[in-house]
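Colleague: Kindly generate the complete structure, drawing on both the sequences and the hints.
Residue numbering for the sequence shown follows the working numbering, starting at 70 and increasing by one per position.
Careful, some of the hints might be misleading.
[Unchecked claim] Below 27 Å or equal to it, Euclidean Cα-Cα: the simulated DSS-like pairs (lysine-lysine) are:
no., residue 1, residue 2
1, Lys98, Lys149
2, Lys149, Lys185
3, Lys149, Lys173
[Claimed, not checked] Label-pair ranges, simulated between beta-carbon atoms:
no., residue 1, residue 2, range
4, Lys84, Ile170, 20 to 28 Å
5, Ala210, Thr112, 33 to 41 Å
6, Ile198, Arg127, 31 to 39 Å
7, Gly144, Ser172, 29 to 37 Å
8, His159, Leu207, 17 to 25 Å
Rather than coming from a laboratory, the hints here were simulated on the basis of the structure. By construction, the Cβ of each residue, glycine as well, lies at the ideal position given by its N, Cα and C atoms.
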Amino acid sequence: MTPSESPQHKSTVEKQLSELISLFHVALKNIRLYPAGHDLVKTRVQSVYRVLNQILTRHSPLELNIARNQITFQGQPVAKDQKACEDFAHILGEHEVATLIFSKGISRHAMFLFLKAASIPPEYKGEEISLEDEIERLNLAHIEVMSFDYNRFDVNKGVSSSSGESLWLQLSKRITENSMGSSGDQRAPSGQSEQQGSIDNLAALINSLEKKGASQLHIFEEGLDQ
Numbered sequence: 070m071t072p073s074e075s076p077q078h079k080s081t082v083e084k085q086l087s088e089l090i091s092l093f094h095v096a097l098k099n100i101r102l103y104p105a106g107h108d109l110v111k112t113r114v115q116s117v118y119r120v121l122n123q124i125l126t127r128h129s130p131l132e133l134n135i136a137r138n139q140i141t142f143q144g145q146p147v148a149k150d151q152k153a154c155e156d157f158a159h160i161l162g163e164h165e166v167a168t169l170i171f172s173k174g175i176s177r178h179a180m181f182l183f184l185k186a187a188s189i190p191p192e193y194k195g196e197e198i199s200l201e202d203e204i205e206r207l208n209l210a211h212i213e214v215m216s217f218d219y220n221r222f223d224v225n226k227g228v229s230s231s232s233g234e235s236l237w238l239q240l241s242k243r244i245t246e247n248s249m250g251s252s253g254d255q256r257a258p259s260g261q262s263e264q265q266g267s268i269d270n271l272a273a274l275i276n277s278l279e280k281k282g283a284s285q286l287h288i289f290e291e292g293l294d295q
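Modeller: Laid out in structure tokens, this is it:
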């Protein structure tokens with residue numbers, strides 16, 4: 070057993086991730102309440118940056134999946150009994166985020182800009198601007214946000230020009246082959262089974278559709294029946 074696989078190391082990572090999620094949540098709340106230069110904003114962003122970099126020394130890239138108001142790492146729930154984790158996952162769910170990826174080299178300023186973008190409720194951004202789009206526009210190095218494109222699941226428009234197959238057919242194949250990711254070709258993160266990756270992503274999709282109302286769920290069910 071390598072040090073990275075030891076129970077002691079696993080316990081340390083779990084504690085760090087739990088602390089990180091709590092700090093994320095507090096930082097988001099402070100950014101919503103105070104101006105950018107306020108001490109309570111700067112100290113919380115610094116805390117997030119510090120703990121994240123501690124984790125990235127052993128786990129880079131760090132991939133967090135979001136589903137059912139729960140955040141998972143390598144298929145295991147993170148801080149599942151903490152309300153802060155549930156609240157943070159809910160915020161990300163409102164932005165229709167399926168996966169967050171952080172890697173070494175991230176700057177404090179990039180972390181602040183990410184948190185600032187995530188702190189703005191989707192209804193104030195406009196339906197056409199997702200958090201994923203915002204992060205790409207800001208060109209934040211070492212931060213990646215992956216979300217679902219619901220237009221790809223429209224039963225009337227879901228035809229792929231490259232293969233000619235219905236996107237619903239492609240979706241069903243990816244589910245059965247355990248290869249479905251948020252972009253269609255995403256692989257499960259290191260240490261996580263492909264089956265768990267598919268389940269987490271599918272759960273995130275259904276969860277977000279549930280928030281969109283009965284009409285979207287009806288479309289989803291019709292697509293599965295085809």
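Colleague: Could you run down the list of hints and mark each one as holding or not?
Modeller: Here's how the hints hold up against the structure:
no., hint, verdict
1, Lys98 with Lys149, "holds, 20 Å"
2, Lys149 with Lys185, "holds, 25 Å"
3, Lys149 with Lys173, "holds, 26 Å"
4, Lys84 with Ile170: 20 to 28 Å, "holds, 21 Å"
5, Ala210 with Thr112: 33 to 41 Å, "violated, 23 Å"
6, Ile198 with Arg127: 31 to 39 Å, "holds, 35 Å"
7, Gly144 with Ser172: 29 to 37 Å, "violated, 20 Å"
8, His159 with Leu207: 17 to 25 Å, "holds, 23 Å"
Checked against the numbered hints above, the structure breaks hints 5, 7 and satisfies the rest.
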